[in-house]
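K.L.:
Assembly of the complex is requested from the two constituent chains, each provided in isolation within its own frame, with the hints serving as guidance.
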Amino acid sequence: MLSVRDLTVSLGSETAPVDIVAGVSFGLGKGEILGLVGESGCGKSMTSLAVMGLLPQPGPRLRAGKVLLEGCDVTQLQPWQRVEAGHGRIAMIFQEPMTSLNPVRRIGDQIAEAVRVHEGVSAAAALSRARELLEMVRMPDPAMQLSAYPHQLSGGQRQRVMIAIALACRPQVLIADEPTTALDVTIQVQILGLLRELCSRLEMAILFITHDMGVIAQLADRVSVMYAGRIVETAGVESLFGRPRHHYTRGLMDCMPSRNSGARRLPTIAGQPPAPGTVGAGCVFASRCAAVRESCRLAAPPRTEIAQGHEVLCAFPLDGGVAP
Amino acid sequence: MWSYALKRAGTTAVTLLAASVIIFAFIHVVPGDPIYVLLGDTATPDQIDALRHQLGLDQPIIVQYVSWMGHVLEGDLGRSIFFQAPVLSVIADGAETSILLATMTMIWVAIIGVPIGMIAAVRHGTWLDQGLSGAAMLMASIPTFWVGLYLILIFAAWLGWFPSSGYPSVFEGGAVNLRYLVLPSLALAAPNAALILRLTRASMLDVSREDYVRTARAKGIRPWQVVRRHILRNALLAVVSAFGFTFAALLSEAVVTETVFALPGIGRLVVQSILRRDYPVIQGVILVIVVVYLLINLIVDLSYRLLDPRVELQ
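Heads up: the protein sequence lines correspond to chains H and L, in order. Under the working numbering, think of the first position of the first sequence as 1, with each following residue one higher. Under the working numbering, think of the first position of the second sequence as 1, with each following residue one higher.
With the rest of the complex left out, here is chain L (with noise of 0.2 Å):
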């Protein structure tokens, strides 16, 4: 167990530093200047070299990285170009919504894909099945942004339900600040859901296939206990990774649904700091991200060591 934690550590720390090399090539291979973002198109070149100068980016490119690396390993991102903030806390600001957006959607993803998954596996090739499984083929292909702005429309502007957009911190108005969330939690739900719901089904015919589903069968135990008992964990082997990815995902790539509702989260931060050129920011969030990616791998890894005792950690 220790040997395997120690070794997930190390590979973790070398994917890190690789993912932060990348990062930082790729940012200023990206043609663009946040000099010009922050002065506009009147400013003098005196005015430039001085601010290049003062932000550090007159130096090489080999300089400014171990420099950058230098301060992350202190636990300091640097300070955002745009915002003229610590970037850590930039982030911790953008966090809060992502966070709560993601938990809230995968909420909805679990209670509605995962139970209609199953019952489109029991009833397999039955209108039933069809249906559900058909619903679930529109749900995944309608864009989010359609779906939000519907939902906007619906329970925003005619039933006035839930508020349209933005989102006040929790920290600050409390709980019932997560209102705010429902309309987008559930545009992300739509096609997660869906995606959830066909990668249920498909798992759960495939394991009902098994030859120990079918020992089961003959021991005489009842059709809805054979899937409780024999199919269903085998099945949420393969759903379990599935929701772990989808986590991840949410929680940085949610840019269309947080533009619609006009939420302050990462995946806009991203896009808005790419479009400023916010080096910094960038940087640190995108670190942050791979970051997250590797804790949630690590968390579905060790639950499958739960689930399945096949599985040694080695």
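Just chain H, same shape as in the assembly (with noise of 0.2 Å):
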């Protein structure tokens, strides 16, 4: 469906760059759930914009790397000029429902823009269409929010209205970009529950981006960790939270609260991560790394597959078991 292979942002001059994302690949087959997380900053929305083609500018630009949709190339293509190519099935969602519509439109004609770019179909058409979206996101009363405006709906609500938006193209590719970080915590579960049915009953593939461990287990089916622009480890979900390899999953992973963790400090993962341009030629975890030595500072380390569909980047990986 989709094949991502190291992509790499760069602020800064042509001559001088500065990665922000640096050589991330990742794959997503046909209505499969990749979880993306890691920490703010480490560069998982700006991977996001990179493979939608909406990086803002001026600022950060796509260096190298390829996104490839169904095989075909659309690296360097804005979502419109995809859809002009035959390949804008693609769509995303975003982390602020709140400012994400047109507060000057209504709904429907949102919604409905979105099916006239990809369907040639009859303003009225689109509108019918664009209802029976909002029933598919399990929006109340669907009709009645069609002549709505954006301030009149909840942040839930609105959220919903995104993903209809995203759907109008029937995307075979979703891009969720921590989409239910600005929601309270009940509707989070409904709608992480909407996406996953939208997931198996649409055999749309979901790239779920998140700094939320807890999300991803509950909706993921691989998951990628990403630190410092790279991503660290992947692996199935099962096999990354029941043996992580990495020392910064592993990391990240004791600082989730537990029902047994009590009133006891949660741990933390010393130290900061490093600012872009900083790193050196070696182990972007280095700085922080409980088990570092001293050949992890020389050289960058090594991108290994340690166990089946379990890749990790680490020189000195862990060989599982989790603390209890």
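Please keep in mind that the hints were generated in silico from the structure rather than gathered at the bench. Treat the hints loosely; a few may be bogus.
What the hints assert, rightly or not - Here are some chain L residues pointing at chain H (derived, C-beta under 10 Å): (1) 125; (2) 213; (3) 226; (4) 308.
Values in this document were obtained by computation on a predicted structure and should not be read as measured data. All C-beta atoms in this analysis are idealised placements derived from N, C-alpha and C, irrespective of residue type, glycine included.
P.N.:
Quick look at the structure:
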């Protein structure tokens, strides 16, 4: 469906680029949900915008790598150029449903507009399709909501509208960039359930970006952990949570509160991620890694497939087992 | 809607009352005396006293205010000391020029400022944007009298396409007299179009960074459709209020341009009346200007309601 190879996004000049996403690769099969997890600033949003062809201009640019949609190269194409080239079946929803809809236009117009881009139908047909889409995202009273303005809807309803807009192109791939971060926990559960349902019903692949390990555990089939612009570990969700191999992934899991953690202080990963452009030749996690060795600081670690479908970017990976 | 209108009318009345007190007080604080302007240096004390009594200027200021206000409420703004004519007709003469001049100027501003601002925003960061923005900065910085004088020199003196000064009423000479207003309106439009251009550009750039514009691009809409359907309307919200205030300012403050082109407008009427200490005219004109500002404010607010569904009138 979607294949991303060595994606590199850079800031700064042509001659002295600063890579904020450095050689990210992943693939996404039909109906699969890949979780992309990492802390703020690790480059996960930039990765998603680059894949979607939506990098802000002027700003970061896609310096190297390829984005293949069903085998077709769409790397440097913006969404409208993809539609024109016949590769428009990829859509995206965003973190902020409150600001992601145009405040002065009706919901129905905004969905119908997306329908008409992808299907050359009349305005009336597009509007009735918009109603169907609102039904698909389980919007209460869809016919009424067509003529509502965004400010008349709640955050959860707006995110449903965003999903309806995304579905207008009958996507094979949906990129969801922290779609539930701005929502209440109860609404979050509903939206996640909806995404899961749509994924299996429409056989749509989802690239789900979040910093919330709990959400990933519920939703994803596979997980990629991102740190300082690189994917440091990729595995099936059970394999990753059951047996993390990268010291960073392990650190993240130790930071998660659990029922038995009680009133005890949660552990943290000491230090700060390196600022973009300050990464030298060695491993990006070397400065914070508990198991760092001298050789880690000198040479970048190899990417190794340590078990079936489990890749790790570490010279001395953990050999498994989760702390109690 | 009706309760909004009532509230609005209430605040308008209070504003007008406050404005009238301030106008009256300030005029009488300013040194100078209309009697000397009318009679000259050679008048005898008896003549002065007689005229002062005749005009009611010998009474306490409170009494003068109350009597003036009473007449205003009856629709009578009094008689001009200098013109010896009703203030209302003096203002009406100036208003014709000012309204036509301001309207023509706003048309230039709209057809020059908004589209060029749009182009600069769409071509943001290119040499075209820098050229247009630079030109706008230049236009905003050049004084209108300088632009006015050069327009007269080129289009009136050398080319002879337009008259250089004065304005005979359209009610006497027909619409063809509007040609007298072409050069002054262009002179006035230069700095105002430049400001609207810069505002349109800045506002469009602000809006183009909004999340919903990214959503629109993600839908696969073509770039210029994104501008037309998603950026423009939101960007114009900021421009609309600037239009209102620019228009109000043009009606009352175009003194310099009116002077350069010898136009009988409101701006010049105010300045000359102040020099002549023609109290009734000053009071009347300023009161009318206040009313115009309030009205334009109201129109701007109502137009927001049309442009932005989030605005509820309360």
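K.L.:
Next, verify each hint and record whether it holds.
P.N.:
Right, here's what the structure says about each hint:
no.: 1; hint: 125; result: holds (6 Å)
no.: 2; hint: 213; result: holds (8 Å)
no.: 3; hint: 226; result: holds (8 Å)
no.: 4; hint: 308; result: holds (6 Å)
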